[in-house]
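Trainee: Chains A, B and C supply the protein sequences, listed in that same order.
Our numbering puts the first residue of the first sequence at 1, with every later residue one more than the last.
Our numbering puts the first residue of the second sequence at 1, with every later residue one more than the last.
Our numbering puts the first residue of the third sequence at 1, with every later residue one more than the last.
For the record, the hints were derived by calculation from the structure and aren't laboratory data.
Check before you lean on any hint, since a few could be wrong.
Listed below are the simulated DMTMM-like cross-link pairs for lysine to aspartate or glutamate, each with C-alpha atoms no more than 20 Å apart in a straight line [stated by the list, open to error]:
1. C:Lys57 <-> B:Glu124
2. A:Lys699 <-> A:Glu579
3. A:Lys748 <-> C:Asp45
4. C:Lys57 <-> A:Asp860
5. B:Lys7 <-> C:Glu67
6. A:Lys560 <-> A:Glu579
7. A:Lys149 <-> C:Glu85
It should be emphasised that the depicted structure is a prediction, and the values quoted were computed from it without experimental measurement.
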Amino acid sequence: MDERKAAYIEYAQAVPLAFAIDPDTCIGCGLCEAMCLAKAINYDDTERRTTLSVGALILSPGSQGFDPSGLELLGYGRFSNVVTSEEFERILSASGPYRGHLMRPLDREGPRRIAWIQCVGSRDVNLCGNGYCSSVCCMYAIKEAMIAKEHSHGELDCTVFNIDMRTFGKDYEKYYQRAKDKSGVRFVKSRIHTIDEVRETGDLSIEYVDEGGELKRETFNMVVLSVGLRIPDSLLDLARRLGVEVNKYKFAATHPFSPVSTSRPGIFVSGVFQGPKDIPTSVTEASAAACAAATVLAEARGRDAKSIEMPVEIDVAEEEPRIGVFVCNCGINIGGVVDVPAVAEYAATLPNVVFTDQNLFTCSQDTQDKIKEVIKEKNLNRVVVASCSPRTHEQMFQETLQACGLNKYLFEMANIRNHNSWVHGNDPETATNKAKDLVRMAVARANLLKPLKEKRIPINRRGLVIGGGIAGMNAALGLADQGFEAVIVEKEAQLGGLARELTTTIEGEDIQAYLYELIEKVNQHKMIQVLTESLIVGFTGFKGNFTTEILVGPRMYERKIQHGVVIVATGANEYKPKEYLYGQDPRVMTQIELGKRLEVKGASDLKRVVMIQCVGSRNEENPNCSRVCCQSAVKNALHIKELNPDAEVYILYRDIRTYGLLEDYFTEARRKGVAFFRYHVDNPPVVESAREGVIVTFKDHLLQRDLQVPADLLALSSGMVPEDTEELASILKLPRNEEGYFIEAHVKLRPVDLANEGIFLCGTAHSPKLISETISQALAAASRATTFLSQPEIVLSAVTANVDQDRCAACLICVRACPYDVPRVNEKGASEIDEALCHGCGICAAECPAKAIQLNWYEDEQVLSKVEALLEGVL
Amino acid sequence: MIVAKQKPIEEIIEGVRDYEKILIAGCNECVTVCEAGGKKEVGILASALRMYFMNQGKNMKIDEVTLERQCDHEYLEELRKIIDRYDVVISLACGAGVQFMAEKYFRTRVLPGVDTCFMGVTEERGVWSERCQGCGKCILGETAGICPISRCAKRILNGPCGGSTKGKCEIDKELDCAWQLIIDRLNELGRLDDYEKIIPIKDWSTERAGGPRRVVREDLRL
Amino acid sequence: MRIQYPENIKIIGVPCTGKVDVLHLLRAFEKGADGVYVVGCLEGDCRFNSGNLRARKRVEQAQHILESIGVGGERVQMYNLSSGEGPRFAEIAVEMTEKIRKMGPNPIKISKEKNGCMI
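Sequences are here, hints too, so could you generate the full structure?
Mentor: Structure (structure tokens):
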């Protein structure tokens, strides 16, 4: 939306965070190559062909936003205040063209009214040919509306024009309700007719048909088109070259029971190329694809990995400190502001500094080699680097120390770039003085640093899988097929879980046949042990070394299992409705019951079936959407139509949420005559029992009147409720949300990890989901687990708390203050902190009233040495 | 545990204003646990006093020490070598510790740095409450483990009194009526009959009323 | 983002603000600092649950002590922000510097040099 310089960084989070040259803008002077101090630019670089020999391939090419230029009625490209949702993201971004100030493009005025138009390039076979739902646009539109409201200086009206709001992900519905009720975002069920510009003002007039079929017109200052995801043609070409089949929308063709495998063995797929999806699902699927690939490659694991031999550590504990200080110019980043030679000269005057040097780039490979030489030559036993952030570079410098046999904790950094030259660029003199202060502080601390020993603990390479449903079994196979032992703990007498109740997937795949095969595979696998009728009663240890006590049925004898990881796959059940005469009238049943009934009795006796959506979901008791019920209803409706085309099927819904490729089935259902009626949450259908059928009364919004329909069967699209895991959660100390689903470590970035290290999560224990999604998540959990299990040992950070047991007053304050319940008062009456469990936050050290606890590397004297060095000579 | 609370810094400053060399002595027992006089509190007080007097333009020597216990000779003995270097000692121990130190080093002025409050328990971090007054003759066996001496405002032995309303004491609506607690617990224990038994008049001679007390066990002495 | 802020701010890193001891805060003033502030994660976002809430209590404790000994409680402050809030960080640096400038140098400081320190 803005001009870009020829040398640019793609975006602030880009990896690697490095400049690139835009060939379209570059004038070709080649000056950059000559100017680059680091000699990092090869201006004449050309494309090269490389051949790699690999055992598996993972395709994660992503997608593009839909280009709405072709949809003329929406005015994109003609009216400057009509932008795509991607462009609006840039408008809201602090690094965007308007620096995060909410303005419209035409006149850079702050808008008072913004409209979002949903389903642009999605759910639309006629105009753009994309029959699928893009799955992400409803959520991002809500998010954009909420952030726009935050960024706006005055009142801002936000209206989202939609067909259905599809907030089907974990806790998404709560976000939608919050936007509606708390933030006042308006949601209008509608079909957009045209968008016109009001010539004088640049405002936009939207003509739409509302729910009642009435044509309406409203004016907005700005319009955002919520564009869908599409697969670019270039990918079609890639797929063809790789021999990978794609479906009619160009997404990679996959099977519901092997969701990350393409049509070609050894080639796997993840992300939007597999089907439209959001970030958490993409991240999950990426891990799943990694699991599938690692399974194929299990034998070759680690074969090409190179390991670095570290020399034996030199004992410097008794030596006087001999400190070397390396001051970095960072090209001109530091050197252009700070007088680096003066800083280096100053450092030489500080206590115990025996060597100083300045480097153009201290992080470069040749400087590392130079540092190594100096350490040996000058017998340095402490190193200070004055350069940039320890966040990015500390580890690298520590490795340099280790390569010389120095303990890595004998290292200290002074950040004279991010904290100094970058932020005080306009005052070189004070910046130089500050750099000296920072170096003096660092040297003071370096003087007090002690070598610390990192504990190495061997990892038990067995995984415990809790729950023997589709998720648990797939997770166990994911481990076992990679050569790691798995133990499945199932509370029932048989494996299978909720899937035992299911018939076919919406694609028509036989779930029972799949389940039978899966159970066989698990039972036959020599690396998998199955414990049925089993109950977890005790749990101790830490990642890599857990011990779980299990009562194993039917005799309930006790077993102790040692394992390195846990995968939680406890699953969920169908909600047993209290609503709509369920349990009172035998003609009222859930969708799962209907599925079985159709299997057993068919549909020839059915003249009319009514379905009610959102039973036990999206209400006060369970505010979330159960994700799967819309497709269950469509699946059963299609099945009825297939068995008995004359049967009438009515589906009463609030929003139809057949996301992704499921949308095709919704379209097919409408085409086959399944009738869909929207009901409002405050005016739900009314159900009565009568001899001639179950009488359902509901409002038809087009006819604007109540309809009364007698049905042979009433199917309730009943939501999901998680298994009761209250006791398990308390034994394993796992966090759960209000509805009882486990809470992942990070919604987007760590969707299958639990915050408790070494414990992973999959399946419906995480949130409601389809079988294909469950399988993906199970493989993902196995992949996360094997990433950890495949290491021979864990190296624990030495930054842990230490108790001086002689000083300890056993006051219990550390026991109460620790966020991880690590300290305990031992038999000798003193607090003891297990270094394997300590996370190194230092809270106990700060709170201890006897000052008997020190945090390694941040000992009080070490922290205070910096305070004192900074303020040296002030008084 | 003996529960104490820190004296206001202003009061401590007034006490030491005229001296030049101050030793602040903490105790690693009860006062550490109730966060009034452990090593950390010693450090905080020392730092505060140093700053205050520097601000006044006065050069003071302020040192810190924390003894294992101030109510035992052997631990107090650790100060013998250095005590003469100071004009005054601020002891952050309970009243017993302050006195024992003063008895031992009677040429040195010893000032209390905390107010000793009661014998009690930690209800939660930062909240302590009284449970025992050291009456010298424990009757907890008869009162369902709840002490009417320390927990009833009137120390009634056969309660409750007329001031008990909805289980709370008339002097403070937040304060539980000890006798309500006793009755509830007796009920819980199935021993409500005990409530009918009259507790005889207490012999207060074992309490403070009988004058300063000591415990002597001949079997332990040589 | 490289937003400019006053150079008298010097940062001392700790793994979590929960590690900040009231003794550390006091020591800075004892050695002549004019102002100290603790920057922690947003409340509710502490990786260690309550580290930043404890830090706030420690800062309040230090404020109380500094006020009662005549150094000035306002000289020590607690701020919460996320790692993505560079501009806010610079704003705080300016805000704190201005606050301390208004209060003048640490009264116990003999020399007139100005210095700040931040944990």
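Trainee: None of the hints should be skipped; say for each whether it holds.
Mentor: Verification of the hints:
1. C:Lys57 <-> B:Glu124: Holds: C:Lys57 and B:Glu124 sit about 16 Å apart, inside 20 Å.
2. A:Lys699 <-> A:Glu579: holds, 18 Å
3. A:Lys748 <-> C:Asp45: holds, 16 Å
4. C:Lys57 <-> A:Asp860: holds, 19 Å
5. B:Lys7 <-> C:Glu67: With a Cα-Cα distance of about 16 Å, the restraint between B:Lys7 and C:Glu67 holds, given a limit of 20 Å.
6. A:Lys560 <-> A:Glu579: violated, 44 Å
7. A:Lys149 <-> C:Glu85: Holds - the C-alpha atoms of C:Glu85 and A:Lys149 are around 19 Å apart, at most 20 Å.
Hint 6 from the list above is the single one not met by this structure.
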